[in-house]
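> Sequence:
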Amino acid sequence: MEEALHKNLKLAIILTSIIFFLEFAGGILSNSLALLSDSAHVFMDVVALLLSYGAIRISARPSNSSMTFGYHRFEIFAALINGITIIGIALFIFYEAYWRILDPPEVKGAEVLVIATIGLVVNTWVALKLHGHSDLNIKSAYLHVIGDALASVAVIAGAVIILLTGDNRIDPVLSILIAVILLYGAFRLVIGSMRILLEFAPKHVDADTLSREIIAIDGVKGVHDIHIWSICSNIHAMSAHILVDRIHVQQTEALIREISKMVRDRFGIVHTTLQFECAECAPVELGHNSDHQEE
Numbered sequence: 290m291e292e293a294l295h296k297n298l299k300l301a302i303i304l305t306s307i308i309f310f311l312e313f314a315g316g317i318l319s320n321s322l323a324l325l326s327d328s329a330h331v332f333m334d335v336v337a338l339l340l341s342y343g344a345i346r347i348s349a350r351p352s353n354s355s356m357t358f359g360y361h362r363f364e365i366f367a368a369l370i371n372g373i374t375i376i377g378i379a380l381f382i383f384y385e386a387y388w389r390i391l392d393p394p395e396v397k398g399a400e401v402l403v404i405a406t407i408g409l410v411v412n413t414w415v416a417l418k419l420h421g422h423s424d425l426n427i428k429s430a431y432l433h434v435i436g437d438a439l440a441s442v443a444v445i446a447g448a449v450i451i452l453l454t455g456d457n458r459i460d461p462v463l464s465i466l467i468a469v470i471l472l473y474g475a476f477r478l479v480i481g482s483m484r485i486l487l488e489f490a491p492k493h494v495d496a497d498t499l500s501r502e503i504i505a506i507d508g509v510k511g512v513h514d515i516h517i518w519s520i521c522s523n524i525h526a527m528s529a530h531i532l533v534d535r536i537h538v539q540q541t542e543a544l545i546r547e548i549s550k551m552v553r554d555r556f557g558i559v560h561t562t563l564q565f566e567c568a569e570c571a572p573v574e575l576g577h578n579s580d581h582q583e584e
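Going by our numbering, the sequence shown wraps up at 584, each residue one higher than the last.
None of these hints come from the bench; they were simulated from the model.
Incorrect hints may have been included.
In silico DSS-like pairs for lysine-lysine, Cα to Cα no more than 27 Å straight-line [what the hints assert, rightly or not]:
# : residue 1 : residue 2
1 : K550      : K492
2 : K299      : K418
3 : K428      : K296
4 : K296      : K418
5 : K510      : K550
6 : K418      : K428
7 : K550      : K428
8 : K299      : K428
9 : K428      : K510
Label pairs and their calculated CB-CB ranges [unchecked claim]:
#  : residue 1 : residue 2 : range
10 : L432      : F363      : 18 to 24 Å
11 : R477      : D514      : 27 to 33 Å
12 : D507      : R553      : 16 to 22 Å
13 : A446      : W388      : 21 to 27 Å
14 : T454      : A314      : 22 to 28 Å
15 : I407      : L432      : 17 to 23 Å
16 : G455      : R477      : 35 to 41 Å
17 : Y384      : I307      : 26 to 32 Å
18 : D507      : K296      : 45 to 51 Å
19 : K296      : A446      : 29 to 35 Å
20 : E542      : F489      : 27 to 33 Å
21 : H516      : S352      : 16 to 22 Å
22 : L432      : E542      : 37 to 43 Å
23 : A568      : M356      : 32 to 38 Å
Note that the Cβ used here is the ideal one computed from N, Cα and C, for glycine as well.
With these hints in hand, go ahead and build the complete structure from the sequences.
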């Protein structure tokens with residue numbers, strides 16, 4: 290199954306890259322800003338697919354003494370650079386569209402129609418190949434491709450309108466619509482990447498709720514200095530100080546297993562580091578920065 294996924298991803302990257310170059314060249318030759326805008330959207334798809342493929346390959350590489358969590362953060366840096374680049378492209382599209390609305394150049398509707406249709410067919414095929422996978426990176430790439438397929442439909446509709454009415458202003462208007470979609474996706478990418486790099490807690494994890502769940506486990510008297518962060522988009526980690534009664538090491542091992550299983554099953558956190566402290570012995574003046582919660 291994994292080998293088939295790798296094969297589909299590689300084929301999707303190749304085909305989507307061909308569509309990018311085809312739409313980029315076609316946009317220049319046909320004088321269509323909408324087609325050029327769609328090529329920028331396809332470029333985002335190519336990067337998303339490359340990130341997904343790279344994340345799968347890199348995650349298989351073992352960690353080492355200098356990269357103790359492995360190489361997963363490369364995915365985040367690449368996503369951040371991609372997002373910033375796309376924001377710049379979208380702003381340029383807005384600028385160019387403004388002048389084209391004021392003085393619309395002639396657009397070769399037939400060429401635009403043919404190229405956009407080819408793009409739609411390829412995007413549909415790629416979406417079908419990526420649909421149904423549980424991996425978060427693949428789901429993200431799938432949504433990118435669906436978005437580009439919708440943009441291709443808009444470009445096709447614009448080309449038909451140009452052919453029927455001769456009104457070339459529809460081309461820059463559609464390019465603005467696509468640029469808005471690009472900006473939305475790019476800002477989400479940049480914000481999501483920055484949240485991970487700044488070590489925000491994952492959006493789906495609430496520290497207070499997690500603390501209460503830990504305290505509810507039999508044998509736990511309190512929890513403090515709880516820290517939750519993401520290593521990449523789908524790998525999350527946590528460290529915490531756990532207050533317990535005077536118990537043997539064997540009993541702490543059982544608690545570690547129970548707490549780790551709970552945070553993995555309920556919150557999707559796969560890396561858990563726990564420090565046990567004696568509830569009776571822990572002085573209040575230890576100076577922990579995080580909230581201190583007890584039963």
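> Taking the beta carbons of R477 and D514, is their distance inside 27 to 33 Å?
The hint (27 to 33 Å, Cβ to Cβ) holds, given that R477 and D514 are roughly 31 Å apart.
> Check the hint pairing K550 with K428 against an upper bound of 27 Å on the C-alpha distance.
Distance of about 25 Å is within 27 Å: holds.
> Starting from the hint 29 to 35 Å, judge whether the C-beta atoms of K296 and A446 obey it.
holds (34 Å)
> Could you grab the alpha-carbon distance between K428 and K510 and see if it respects the 27 Å cut-off?
violated (40 Å)
> Given the range 35 to 41 Å, decide if the beta-carbon distance of G455 to R477 lies inside it.
Holds, at about 37 Å.
> Mind checking the alpha carbons of K299 and K418 for me, to see if they're no more than 27 Å apart?
holds (11 Å)
> If you check the beta carbons of D507 and K296, does the distance land in 45 to 51 Å?
holds (48 Å)
> With 27 to 33 Å as the target window, see if E542 and F489 comply at their CB atoms.
holds (31 Å)
> Return holds or violated for the Cβ distance of A446 and W388 against the range 21 to 27 Å.
Cβ of A446 to Cβ of W388: about 23 Å, so the range 21 to 27 Å holds.
> Honestly, do H516 and S352 meet the 16 to 22 Å range at C-beta?
Distance hint for H516, S352 holds at roughly 19 Å.
> Take a quick look at whether K550 and K492 sit within 27 Å of each other, Cα to Cα.
Holds, at roughly 20 Å.
> Quick one: are A568 and M356 within 32 to 38 Å, going by C-beta?
The hint (32 to 38 Å, Cβ to Cβ) holds, given that A568 and M356 are roughly 37 Å apart.
Of the hints listed earlier, the one the structure fails to meet is number 9.
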